[in-house]
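Undergrad: These are the residues of each chain, in order.
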Amino acid sequence: MTAYTATVTVRLKHGVLDPEAETTKQALERLGFELSELRSADEFEIDLEADDAAEAEQRAESMAERLLANPTIHDYEVSAAPAAESA
Amino acid sequence: MTVAVVQFGGSNCDRDAVRALEYLDIDAERVWHEDGLPEDTTGIVIPGGFSYGDYLRAGAMAARSPIMDEVRDAAADGTPVLGVCNGAQIGCESGLTEGAFTTNKSARFQCEHVHLRVENADTPWTAQFEVGDVIEIPIAHGEGRFEITEERYDELVANDRVLFRYCDADGNVTDDANPNGSTHNVAGVLGERDSVAVLMPHPERATLPDVGGTDGENILTGFRA
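In the order they appear, the protein sequences are chains C and D. Residues in the first sequence are numbered from 1 upward in steps of one, following my numbering. Residues in the second sequence are numbered from 1 upward in steps of one, following my numbering.
Be a bit skeptical, because a hint or two may be false.
[Stated by the list, open to error] Pairs of lysine to any residue, SDA-like flavour, derived with a Cα cap of 25 Å:
| hint | chain 1 | residue 1 | chain 2 | residue 2 |
| --- | --- | --- | --- | --- |
| 1 | C | K13 | D | R64 |
| 2 | C | K25 | C | S40 |
| 3 | C | K25 | C | E43 |
| 4 | C | K25 | D | G142 |
| 5 | C | K13 | C | L35 |
| 6 | D | K105 | D | G53 |
| 7 | D | K105 | C | L48 |
| 8 | C | K25 | D | Y55 |
| 9 | C | K13 | D | Y55 |
Hints are computed from structural coordinates only; laboratory data are not their basis.
Kindly produce the complete structure, drawing on both the sequences and the hints.
TA: Spelled out as structure tokens, the structure:
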């Protein structure tokens, strides 16, 4: 078993309205920034012990399916890498 | 025989629901989610509030608590289940009903009276109405925008699963009358059975005559059927 960090990124499906992102974009514009579009996403970092990266990814994917994402409105991506040595 | 009003940490409309039901002479009691449903449960309310602080997504945590397995089983057996506001979010998150309730288009918490048009009058919740009737009920939510894919929406309509739509006082379903940007103004939907319904507006806040309108009464009497 090796320590991995799986990363699950959950974002709204293309075309689903994101009022929080729109509000954030407007706030940036009020600060004088120029931008065309802003999208937001949630990122979850999950430390877990697994035999290999594929197993870590598979388990994180199950977590995304069961809880972290809502398939009606979300798409998600999963990746896994050996955990960074703790400082 | 009793209507179980399921209380999660952060529920805050549970007492209102019990009081409104008892006013209608419908026996009701609050049930802490960890205690499970009482044996004599004849109906279930999933009340409004902010269960688990709306962490992750409104309703996401409560929807995955063990009592929801019991609620799904009871719903499948024909026990009437009504999810209101946070209870509607929990209902969608738990798969009792299709779609999802997410952030209002305004990005603001909307607390106001709205008009609803009855879309299906052949359910326990709307048996006192005709299709097209307009009722006035309050909303109070930040995440009430009904979202669903167009394909699934077409199925909802084809299967007559839309219960209420936001409308103006004359029953016109317009963008202006849509308080939160819900897809096609949908305010409430039915589950697989007509006895399972979720809606963002609060019928229990429009039942006692001392607190304003009583248009919610005829929804809650669905528990008598």
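Undergrad: Hint by hint, say whether it matches the structure.
TA: Tested hints:
no.	hint	verdict
1	K13/C <-> R64/D	23 Å, holds
2	K25/C <-> S40/C	10 Å, holds
3	K25/C <-> E43/C	19 Å, holds
4	K25/C <-> G142/D	19 Å, holds
5	K13/C <-> L35/C	21 Å, holds
6	K105/D <-> G53/D	21 Å, holds
7	K105/D <-> L48/C	37 Å, violated
8	K25/C <-> Y55/D	23 Å, holds
9	K13/C <-> Y55/D	20 Å, holds
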